[in-house]
Structure formats: structure tokens, C-alpha cells
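*Asks:* All chains, please: the whole structure from these sequences, using the hints.
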Amino acid sequence: AQSVTQLDSHVSVSEGTPVLLRCNYSSSYSPSLFWYVQHPNKGLQLLLKYTSAATLVKGINGFEAEFKKSETSFHLTKPSAHMSDAAEYFCVVRPGGNEKLTFGTGTRLTIIP
Amino acid sequence: NAGVTQTPKFQVLKTGQSMTLQCAQDMNHEYMSWYRQDPGMGLRLIHYSVGAGITDQGEVPNGYNVSRSTTEDFPLRLLSAAPSQTSVYFCAQRGGSDGYTFGSGTRLTVV
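Protein chains in written order, with the working numbering: chain A, 1 to 113; chain B, 1 to 111.
The set of hints was computed from the structure by calculation and includes no laboratory data.
Cβ atoms here follow ideal geometry from the backbone N, Cα and C, with glycine treated the same way.
Take these hints with a grain of salt, some might be off.
[Unchecked claim] With a straight-line cut-off of 30 angstroms between C-alpha atoms, the simulated DSS-like cross-links for lysine-lysine are:
no., chain 1, residue 1, chain 2, residue 2
1, A, K100, A, K49
2, B, K14, A, K42
3, A, K49, B, K9
4, A, K49, A, K69
5, A, K100, A, K42
6, A, K49, A, K68
7, A, K100, B, K9
8, A, K100, A, K58
9, B, K9, A, K42
10, A, K58, A, K69
11, A, K58, A, K42
12, A, K68, A, K58
[Unchecked claim] Computed far set for chain A versus chain B, every beta-carbon distance over 10 angstroms:
no., residue
13, S12
14, S14
15, P18
16, S28
17, Y29
18, L56
19, D85
*Replies:* Here it is in C-alpha cells:
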């Protein structure tokens, strides 16, 4: 069985400062990992994905994440926050060969002007 | 979200009524799925399909039926709506690159 833990339900940062959203996972098989973003009353947009290639994954809008197998982590980072980054972020795991995605409970990111 | 169309966007039902949430994709992809999103719980998998004629249960299948008669369509049926089914429902499809594309959602309220 797989699971995802997003360690912070709410993160607030000032505009222009770094963003760190933390995600730990567990999976019985070599997983694929994803980060999705959801703006208010919108659908989900894929930010980036890890699928057993490079462990440092670059996504859209300046976000990146590093897959650390030894720590079972897949934290999302961005060097400089922008007001448009305010949204809900979901970490997602997909075990190898399995179509069942498991979502974390989400982290709400607030950007302080 | 290009490639996945959900209808309706909003729906209010009375307890015990039935309805079908529609999901269509134009990418000819095999994999489709339905999720529900509730506050503080992320998205949870209801049912999924790996191709026409093949469906399987996800994490929270009770109260929902699905069928997949064509590659394009994957409707979700509520046979007797309950207030606990008040939620936002998302349909998703997966292409060969392992990326999942979600529809824009259906907000359902059961009163």
C-alpha cells in the first residue's frame, strides 16, 4: 500500500522569498511522484513529475523537486515566491505498474505582499 | 483543461435522486478515472478504467457505478444520492508519458 504525507497544511511566505513544501511518501514499488497545483475553484495542473529518471526534477513556473529515496521525500521548492503562486499544492504517488494515484491532503500556500 | 471535458459544472440533487456525471476525452487514451475532493482530504479515487470494457474500484467506490463502453467516455453514476456524496468530482485521463490530465470538475451538492 502507498501513502503520502504533506507535512504542512498551510505555508506562508513573503513575496520574493524561497518556498519549501514538504512531502514524504511510502510505496511498495518503485513509484512515480507528482506535484499538482490547484488555484481557487479551478482544476488541477501538473507542476512536475518524477518517473525514475533524474532525481532533481524541474517543472513549470520555476518550481523544482528532488526525489530522495533514502529519506522517502519529494519536497517542492522555488527560489523566489510570486503572488501568483498562492494556491493549494498536492503531492501524489503512483506505485510502479499501478494506476491508483494516492494524493496527499494538500498544502495551502499563502504569499504575503 | 484541454483533453478532458466534464459536465455539468454544478449540480444540486435531492437525497435519493439519481444522476450521471459525464466525462469525455479526445486523446484516445486508455486510462481514465474518477476522484472526489473533500476539504482536508485531498483527492480520493472512486473508480478507474484501463480501457473500454474494463473498470475497477478505487478507494471509495460505494454508492457509485461506472461503465466504459467506448474509449472516449467514462460516466459516473449515482444511483441514489446521499448528503455524504456532496463533493467536487474530477475526471482524469493518462497519456503514455505518465502524465495525468484532470477535468475542470463538477461541484455536486446533495440536500
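*Asks:* CA of K68 (chain A) to CA of K58 (chain A), is that 30 angstroms or under?
*Replies:* It holds: about 15 angstroms lies between the C-alpha atoms, which stays within 30 angstroms.
*Asks:* Is the nearest CB of chain B more than 10 angstroms from the CB of P18 (chain A)?
*Replies:* 24 angstroms, holds
*Asks:* Holds or violated: are the alpha carbons of K49 (chain A) and K9 (chain B) at most 30 angstroms from each other?
*Replies:* Between K49 (chain A) and K9 (chain B) the Cα gap is close to 28 angstroms, so the pair holds against 30 angstroms.
*Asks:* Does K9 (chain B) pair with K42 (chain A) here, judged by a C-alpha cut-off of 30 angstroms?
*Replies:* Measuring from Cα to Cα gives roughly 11 angstroms; hence the hint holds.
*Asks:* Straight-line Cα separation of K100 (chain A) and K42 (chain A) no greater than 30 angstroms?
*Replies:* Within the cut-off at roughly 22 angstroms; holds.
*Asks:* Does the claim that S14 (chain A) lies outside the interface with chain B hold up, using a Cβ gap greater than 10 angstroms?
*Replies:* 26 angstroms, holds
*Asks:* Straight-line Cα separation of K100 (chain A) and K49 (chain A) no greater than 30 angstroms?
*Replies:* The given pair, whose Cα atoms are some 16 angstroms apart, holds under the 30 angstroms limit.
*Asks:* Are K100 (chain A) and K58 (chain A) close enough, with their CA atoms no more than 30 angstroms apart?
*Replies:* 24 angstroms, holds
*Asks:* Given the hint that K49 (chain A) pairs with K68 (chain A), test it: the Cα-Cα distance must not exceed 30 angstroms.
*Replies:* Roughly 14 angstroms between the alpha carbons, so the hint for K49 (chain A) and K68 (chain A) holds.
*Asks:* Can we trust that L56 (chain A) is non-interface, i.e. its beta-carbon lies farther than 10 angstroms from all of chain B?
*Replies:* 18 angstroms, holds
*Asks:* Taking the minimum C-beta separation from S28 (chain A) to chain B, is that value above 10 angstroms?
*Replies:* 16 angstroms, holds
*Asks:* Once the closest CB in chain B is found, is it more than 10 angstroms from D85 (chain A)?
*Replies:* 19 angstroms, holds
Violated hints for the displayed structure: none, as all numbered hints are satisfied.
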